[in-house]
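First residue of the sequence shown? That's 0 in numbering that gives the first Met the number 0, and the numbers climb one at a time after it.
These are computed hints drawn from the structure, not numbers from a lab.
A few of these clues could be false.
To be verified - Capping the alpha-carbon separation at 27 Å, the derived lysine-lysine pairs in DSSO-like fashion look like this:
(1) K20 to K6
(2) K31 to K6
(3) K31 to K4
(4) K61 to K20
Keep in mind it's a predicted model, so treat the numbers as computed, not measured.
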Amino acid sequence: MIYTKTKLKDGAIVCGPVTAKSTYTRCAVCGKEIQMDLRELILAGAQDPYDTEVNCAECSAKMMHRGDINIDIVIRLTDVLRDIGYGMELHGLCEDFEVEDVRDLAPEEYELFVDELIDKISEVRHAG
């Protein structure tokens, strides 16, 4: 059994087991005290558990939230990708969506178009 040992100001020594239910840390973002399971930290491959930052569920959810995708964002994204050499992939995807220009996409297609475009770019980058 792994345990902690702490000497109090009055000289008394307190020992306590380290368990999944007795291990706490503070969220690296908001500072909230959170219970953590050291097994999860080990399974996640933390190299140094003493310096590993952990986020609470709320802060993790905020970090994972994607904003709404609108036509202005689609246009900016495609302009940048075209400028850095991915025009052919962009043209092929427009053909797949049966549009000549991204401005012709229906609003309900924006997110799917962006997801497909990112997948295509990723495939090209990893293949080359």
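Hint by hint, where does the structure go against what was stated? Just the numbers, ascending. none
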